[in-house]
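Here the protein sequences line up with chains A and B, keeping their order.
With numbering that gives the first Met the number 0, the residue at position 54 of the first sequence is 53, and numbering never jumps.
With numbering that gives the first Met the number 0, the residue at position 239 of the second sequence is 238, and numbering never jumps.
Hints in this document: simulated from the structure, not taken from any laboratory.
One should not assume that every hint holds.
[As the list claims (entries may be wrong)] Derived pair list, reagent style DSS-like, types lysine-lysine, alpha-carbon separation capped at 30 Å:
#1 K248(B) x K17(B)
#2 K138(B) x K17(B)
#3 K8(B) x K178(B)
#4 K248(B) x K8(B)
#5 K248(A) x K268(B)
#6 K268(A) x K181(B)
#7 K248(B) x K268(A)
#8 K248(A) x K248(B)
#9 K8(A) x K180(A)
#10 K248(B) x K181(A)
#11 K17(B) x K268(A)
#12 K223(B) x K181(B)
#13 K180(A) x K223(A)
#14 K181(A) x K248(A)
#15 K180(A) x K178(B)
#16 K138(B) x K248(B)
#17 K138(A) x K248(A)
#18 K248(A) x K180(A)
#19 K178(B) x K138(B)
#20 K223(B) x K268(B)
#21 K268(B) x K178(B)
There are 2 protein chains.
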Amino acid sequence: MTDIDEALKTRATQWFAKLRDEICAAFEACEDDVAAAGNPGGLEAGRFERTEWSRPAGEGAGSQGGGGVMSVLRGRVFEKAGVNISIVHGEFSEQFRAQIPGAAEDPRFWAAGVSLVAHPRSPRVPIAHMNTRMIVTTKGWFGGGGDLTPVFPDDADTADFHAAFRSACDTYDADYYPKYKKWCDEYFFLPHRDEPRGVGGIFYDNLDSGDWETDFAFTQDVGKAFRDIYPAIVRRHMDDGWSAEDTEKQLIKRGRYVEFNLIHDRGTKFGLMTGGNTEAILMSMPPLAAWP
Amino acid sequence: MTDIDEALKTRATQWFAKLRDEICAAFEACEDDVAAAGNPGGLEAGRFERTEWSRPAGEGAGSQGGGGVMSVLRGRVFEKAGVNISIVHGEFSEQFRAQIPGAAEDPRFWAAGVSLVAHPRSPRVPIAHMNTRMIVTTKGWFGGGGDLTPVFPDDADTADFHAAFRSACDTYDADYYPKYKKWCDEYFFLPHRDEPRGVGGIFYDNLDSGDWETDFAFTQDVGKAFRDIYPAIVRRHMDDGWSAEDTEKQLIKRGRYVEFNLIHDRGTKFGLMTGGNTEAILMSMPPLAAWP
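For reference, chain A alone in the conformation it holds in the complex (with noise of 0.2 Å):
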């Protein structure tokens, strides 16, 4: 593997853990505040259950050690949000070599990340998806990026949820929002229904500078825009009533979802193939959906 050292590892793998407490404190805030209206089966406020899992490393191509903790919240302002971070480490088989970069020299990696879907039950607040991570090969790089799934688009959620990474990325390289807007434009898009997954956001992968504090502190600035951002949009709507009807489409918007996650994500696909944990990789799944 490439000489980053141990100490790097350690402080992306912390940041991924504090990204993932600031998060779910700042949903379980909504939960604690959201008016009656949204809250018309006046359930009680949700709190994030914790759950570890691991699994000893195994030997020769295609195994995999490490671990994880899920993060899940049931609750009334988030039917179902999923918070997962992960550590670790393997060998890549055959089939993936030649696939990711550095892989191709020596199978061996190491790969630590953060990674959120949040399933809203109000229809009128958007779904989101969060997902930073770092890997290490014989190269190393950072990935990650933020998008948005409105049942309603709402002009101003998406401009300000745009925004926001884009102000992320401007710290950095005049270049990166647009090329990482449109990255996730092309990324999140269900062409089998030849509609885009919702409105976008941004997607990167791959990202080495040649300066890892650099890019490590773009990754940062990025789920910090995140972190506050979408609970912001989240704030916005969750105070307000929605019908049956807005419920039905969400319940589709929702499949769509499922659709997407299950035929083209990279993440899941990969996650599933190589021997993940499965219970871990579905969190995305949403807690409802419907094929009418």
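Place chain B on chain A using the hints.
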């Protein structure tokens, strides 16, 4: 293409439509006959609605022409049941030619078939799938099968479902049933969950014994076996009531069904990747599914 003449294609196509009509009639009879306990919502008997789709043949690799008819029932016994017939032709794209018998020599193909998925409203009535098809490239063959996915497996149902297919198989070859049952068990399996989709049935493909008439007769008998046994199993349970807990289990089982179809099912992947009719292909999705 092979010299299988148009008359044979027409006979197969007509059979698929006839089988569709007979199954639709059997399902509608269930809709008429359900007792009050099996229809707690007091819904009216459902009827199949048909939608034709077609598209002009394109040119060159990957092109497909033809069309089909979707028949969808949204009723009181069957919350959603879809029966599709299709007749398509065209050329396989480069990526598929190596995988399809006889397509490496000449990429042109013709295919017709009938495909069914039934999602009953009652968790006490098993989900079912059936498909039979005739394919022509430079070779010609039949494929198909049926499998049962109960939320609450019932030994008598499982035994009778298998016995029906065994009977269809044994008329032709004593090796068919054990071979096709095993194929079904291996095919309808969710490796990421380490669980079978349901209680099996039979699955066969590339059937070309050298005697088209016999293979066609077998394929008809497979369809007839399903046409007779599945509605009989539905009738055993459709008049029973169920609990909210039963429904919760049903929604989770349907989630697994979604996972299988979108992650593993060859027909679904093949259809979506070759630009098939998305609505027809995803007719197999349950009306509502849960990942709690």
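Query raised in the report: Is the straight-line distance between the alpha-carbon of K223(B) and that of K268(B) 30 Å or less?
Result: The given pair, whose Cα atoms are some 27 Å apart, holds under the 30 Å limit.
**Report entry** Proposed proximity, K178(B) with K180(A) (alpha carbon, max 30 Å)
**Finding:** violated, 51 Å
Report task. For the pair we were handed, K248(A) and K268(B), check the Cα-Cα distance against 30 Å. Result -> Roughly 25 Å separates the two Cα atoms, so the pair holds.
Query raised in the report: Within 30 Å, alpha carbon to alpha carbon, are K248(A) and K180(A)?
Result: Cα-Cα ~26 Å, so holds.
Query raised in the report: CA of K268(B) to CA of K178(B), is that 30 Å or under?
Result: holds, 24 Å
Query - Distance restraint between K248(A) and K248(B), which requires alpha-carbon spacing of 30 Å or less - result: holds, 23 Å
Query raised in the report: For the pair supplied as a hint, K180(A) and K223(A), is the alpha-carbon distance within the 30 Å limit?
Result: holds, 17 Å
Query raised in the report: Are the Cα positions of K17(B) and K268(A) separated by 30 Å at most?
Result: violated, 39 Å
**Report entry** Pair hint outcome, K8(A) versus K180(A) [Cα-Cα no greater than 30 Å]
**Finding:** holds, 27 Å
Query - Restraint status (C-alpha distance of K248(B) to K268(A) at most 30 Å) - result: holds, 25 Å
Requested in this report: Below or equal to 30 Å on CA atoms is what counts here, so check K181(A) against K248(A).
Outcome: holds, 27 Å
Query - Satisfaction of hint between K8(B) and K248(B), Cα-Cα up to 30 Å - result: With Cα atoms ~43 Å apart, K248(B) and K8(B) exceed 30 Å; violated.
Figure legend: structure checked against the earlier numbered hints; hints not met, in rising order: 1, 4, 10, 11, 15, 16 and 17.
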